[in-house]
Structures are given as structure tokens and as C-alpha cells.
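Going line by line, the protein sequences match chains A and B. The first sequence begins at 56 in our numbering and counts up one residue at a time. The second sequence begins at 457 in our numbering and counts up one residue at a time.
Derived by calculation from the structure, the hints in this document are not laboratory data. In this text, a Cβ means the ideal position worked out from N, Cα and C, and glycines have one as well. One thing to keep in mind: the hints can contain errors.
Covered stretches of chain A (in silico footprint by chain B; criterion: 3 or more residues with CB under 8 Å from a CB of chain B, positions within the stretch not fixed) [as the list claims (entries may be wrong)]:
| hint | segment |
| --- | --- |
| 1 | 145-151 |
| 2 | 164-176 |
| 3 | 179-189 |
| 4 | 449-463 |
The chain contents come next:
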Amino acid sequence: MTVLVLLSVLGLITLFSGFSSDKKLPIYLGIVGLAVVLGFNFMGWDLAHNAYNMVVADNYSIAFTTIMTFSTIFILFLLPDFSEKVEVPLAEITSLLLFTLFGAYLMVSYSNLVMLFIGIEILSISLYILAGSKKSNTASNEAAMKYFLMGSFATGFLLFGITLIYGATGSFDLGTIKTFVTDHAADTSTLLLVGVILMLIGLAFKISAAPFHFWAPDVYQGSPSLVTGFMATVVKTAGIAAFFKLFYTCFIPLADSWRTTIWVMAALTMTIGNITALYQTTFKRMLAYSSIAHAGYLLLALLALNNLSATAILYYATAYSLATIASFAVLITVHQAKQSHSLDSFKGLAKNNPFLAVMATIALCSLAGIPPLAGFFAKFYLFSAVIKEHFYWIVVIAVLNSCVGIFYYFRIIVNMFSPTAEQETIEVSSLYKMVIFVCIILSLVLGLLPDLILRCNL
Amino acid sequence: MVIASKNPIHSVLYLIITFFAIAGHYIMLNAQFLAAVHIIVYAGAIMVLFLFVIMLLNMNEETEPHKSTLLKFAGTIAGGLLLLVLVASFKNINLTSISGNDFARADIGLVKNLGQVLFKQFLLPFEVSSILFLAAIVGVVVLAKKEAQ
Chain A
56 MTVLVLLSVL GLITLFSGFS SDKKLPIYLG IVGLAVVLGF NFMGWDLAHN AYNMVVADNY
116 SIAFTTIMTF STIFILFLLP DFSEKVEVPL AEITSLLLFT LFGAYLMVSY SNLVMLFIGI
176 EILSISLYIL AGSKKSNTAS NEAAMKYFLM GSFATGFLLF GITLIYGATG SFDLGTIKTF
236 VTDHAADTST LLLVGVILML IGLAFKISAA PFHFWAPDVY QGSPSLVTGF MATVVKTAGI
296 AAFFKLFYTC FIPLADSWRT TIWVMAALTM TIGNITALYQ TTFKRMLAYS SIAHAGYLLL
356 ALLALNNLSA TAILYYATAY SLATIASFAV LITVHQAKQS HSLDSFKGLA KNNPFLAVMA
416 TIALCSLAGI PPLAGFFAKF YLFSAVIKEH FYWIVVIAVL NSCVGIFYYF RIIVNMFSPT
476 AEQETIEVSS LYKMVIFVCI ILSLVLGLLP DLILRCNL
Chain B
457 MVIASKNPIH SVLYLIITFF AIAGHYIMLN AQFLAAVHII VYAGAIMVLF LFVIMLLNMN
517 EETEPHKSTL LKFAGTIAGG LLLLVLVASF KNINLTSISG NDFARADIGL VKNLGQVLFK
577 QFLLPFEVSS ILFLAAIVGV VVLAKKEAQ
């Protein structure tokens, strides 16, 4: 509760610090404030503080909010240099990022469906604006509009699902719903099942799982790169954590009726994401499709729903966020130097800037799942959680898809190390260097010592 | 009539009838306050907004985009299936499973009871939704602000 209050006040402070003459003050305030929020967040570990039966700060929510806060801090570190090239209102953007994080906090710590709904709405409304924050750019406008229309439609489904679940169980409270579902496992009403499926649709939209992924590539490509990085990390983590929490707490007794849906959705999402990513010619769009594919892997944890899956999701989300932020930092640097997102603009990067090339290689290897990086162990733990529940075919599909993934990630690496005629040095600002370096070191450390996260008692 | 009429202004006016019908449902469910608010907010404020937008955009038949028949066909089938599923789920509904008979009380939807629930049980969501509005306000300012030259 303290954390929520602090975060909302922080959003307000950054908003009003926009009046100061120092344009970058909001960003610094945001970073310092988030560090304080992190500290308060940690203090709640093992306490499971419950506020008004609406939000619960248990270990699950604290773990997820911690990685999301770290991702946001990294994104904020990238913001000052990004804003020098791209015209964006800094104070408003910073506070909107913080409000989005606030929504994400609610999405992982809710214990009442009303809170889940409000959290998703805060997150989405702020994101619609962030997607369109590059006002002079038509692609950005299109992204915002598309995201807004599709997002409102998905919210409609989610809300309808919540209503039907309320109609069937008579409560919004997760605990009451759980008791009701367990008691009536034998004679479940169709109303409840339809409600569950409608909620599933609404949440699957938020994590861009197929067949509700059509908005993702255009929105990811049109938004300012930094916002795309934010969407691909924080928003996806919040979405999958909310999804998992709802189904793990409440709907396990009904698993027979929705497991097939998740199975098909996971298989579709992985396959469509990976196969389409193969054909992309721009790095940004390729990352968009690869993030769809990663949503597919994360859906596997919903299939397993055992004691391993919460930690597996946490570990996967951490590994994925670190690697994605590093790749987006590289993408922004290369884009600002060459004014192009195409894969060809990465040609000769190893010669022009060896540091950037090596870091990008490690980040992409982590995304592809090459040992000893965090991405490999993330996939390993996720798949082993699923195998424990005897879903073998989906794991076969997932492994085959990972191989496809390796192919397109390596195409960029090959591009970077291939010789080129043009000789130009690409400048990397010190902040970017630092963020990329920290992300890569953390992926290595997590890859070598996975127990750091797996030990967490969620 | 809302989706069938050619003139968008007529659509909006028919939509008001729909809103009154929904308000009637609220009254039948003993939610008198909600019904009144629904009419005031939707039929009053939102509809005026709709009319303004339509007039500003100056929509007419020529500018209307035409969807392909295949899309229309697919949309109809998908919508029909959703309707079928919903009707089927409502058919064998069993309301006795819900504990408490608060729903039958006549004064349940009055302002006093609504306030009791809103400011006691649902106080936190009520307060948190202010953040939602704040984010929306900031968004409007960001989008509407003049570009500094």
C-alpha cells in the first residue's frame, strides 16, 4: 500500500517538475524515486500485507514488481539521450511511464477483479498516449489509434468476462471465487466457463498472444523505440503475471475446459511469431514478432500451473527483459547513427564499434536461448515445468520454434560481423554503454547462478 | 436502427432510445440511481459529444469506408457464434447458487446503499481510479499541446 501511494505521488512530482528550467530533472527525480520505491517494496518481503482485501503485497507480487521497476529504471536511464534526437515532452512521458508502472503494480498484486480491471485500464490508457507521443510522426499516430481501438475492444471482452464470473459466483474477490469454484467443481455453470474464456481473451490480447496479436507488430513498429522497449518488457511481464495469478489462484479446478485453448494458443503464438519474424527486413519489426513468440513460451507456464511455474515465469521474464532492453538500446543507437531500422544497417558494426557488436551478440544469444546465458536457463526451467505435467508435444513444438528463433537472431549477428565498405564510427553515449553493460552482465550472472531467482519462495 | 440507418445523426438519435431501454432494465433490477445517472450521463453528455464529433468530421456516405463482403461474412459468423454461446450459457443459469438475497430488496439501488458499498468495501478502487483519470488528463494535455517550434 505504501508502495502504491509512493508511486502515484512520484508520478505527480515528476509531472510538476516539468515546470523547472532543467528539462531532464523529471527523469532524474523518477530514477531516484523508483529506487526509493524499490526499497519500500523489498521491506514487504514475506509479510504478505493485505490492503482492504483489494491488493495483496505477497512475495509473488513483490518479485514481479521488482523486475518491472528495474526495467523502468533502465528505460528512464535511456530516456535523456533518446529525447535529444526525438522530440517528446519529457516530464509528461516520465510521469506516464510511472503511471503505467502503477497500473502494472496493481495488475500483479490484485486480490479483487475490480482492482485487476482498474490496473489494466491505467496501464493501457497511459500506453495509448505513450505510443502516440511522437506527434509529428504518422506511424506513431497510427500506432496509438490502432492500439486504442483494439485495446478498448479487448477491454470490453475482459469486462464482460468479469461480469459473467460475478454473475456465476457472486463475488469479485479472488478468494471467494476460488472457494466457489472448488465447491462447485462437479456442477460448474456454463456462465462461469464462458466468463473464464472471455477473460482469457481479454488478457491474451494484452500479452499479444495469437490469434489476438494483430495489433502488436504495427504498434511496436510505430511507437517511439524506447516506448516499444517498455511495452515489450514491463507490459508483457505485468500481463503474463496477472494472467497466471488469476488462473493459478482461481480456475485450476476448471482446467479441463480451458487447457486446450491455452495449448492451441501457445502453439499458434510461438509458431506465428517465429515464422513471421524470419521474413522481416527491419530489426524493430523483427523484435516485435520475436516478442510475440516469447509470449507463446510464457503461455506454456499457464499450461503447467504447478509449483514450478511461478518461478519459471519470473526467471523467464527477468532474462527476457534484460536481453530486450539491451537490444533496444543497441537498436536506438544504430538507428540514430544511420537513420534506418533495416537489418542491413547492422552490417560492419563489429568493425565500427566492437563494444556494441559484442554486447548485441550476447543479448541476441540470450533471447535465442544459448547457454550459458539467462535466456537458455529460462527456457529450460519453463519447459521442465511443462514436462512435469506430461505435456510433451507442446514442448516439442516449443523446442522446434526455438531453433527457428536461433536462425533469425543469428542473421543479425552474421550481418554485424560481415565486412562492409563504409567506415564510420558509431558514437555510443556513456549512459547507453552503462545500461547495455549492466543488462548483459546481469544476464550472464543470472545464467551462471540461476539460483539467485529460483531460490525465491513465491 | 442504430447500425442500419444511413445518416450517422439518425444513428446517434436511435442510440438514445437504446440507452433509455437500458435504463429501463436498470430500474427493473432495482437500480434506480444507476438508471438516472445512465440517462443523465449517456443520453445527455456523451450523446452531445458524439453529435459534435460527427458534425466536425462531416461524415457522409461517400467518405464511409467499404468493407469487403468476405469480412462482413466472417464478422457475422463470429458474432453469431458468440451470441449462440452466450444464449446457451444464460439458458441453464442457476441463480440460487448465489448467497444472500440482497438483490430482491427494493431500496438496494438507492444512493444511500450505493454509497455504503462504494465508500466502504470498494473505497480503494474508487480512489485508485483517480490515478486513471489523472493519466487520461495528462494524455489529453500531451496530445493537445501545441508543438513548441
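Taking the hints in turn, this is what the structure says about them:
Given as covered by chain B, the segment 145-151 of chain A passes the check, having 4 residues with a CB less than 8 Å from a CB of that chain where 3 are the minimum. Counting residues of the segment 164-176 of chain A whose beta carbon lies closer than 8 Å to any beta carbon of chain B gives 5, which reaches the threshold of three, so the coverage claim holds. With 6 residues carrying a beta carbon less than 8 Å from a beta carbon of chain B, the segment 179-189 of chain A meets the three-residue requirement, and the given coverage holds. For a cut-off of 8 Å, the count of residues in the segment 449-463 of chain A with a CB near a CB of chain B stands at 0, and the three-residue condition is violated.
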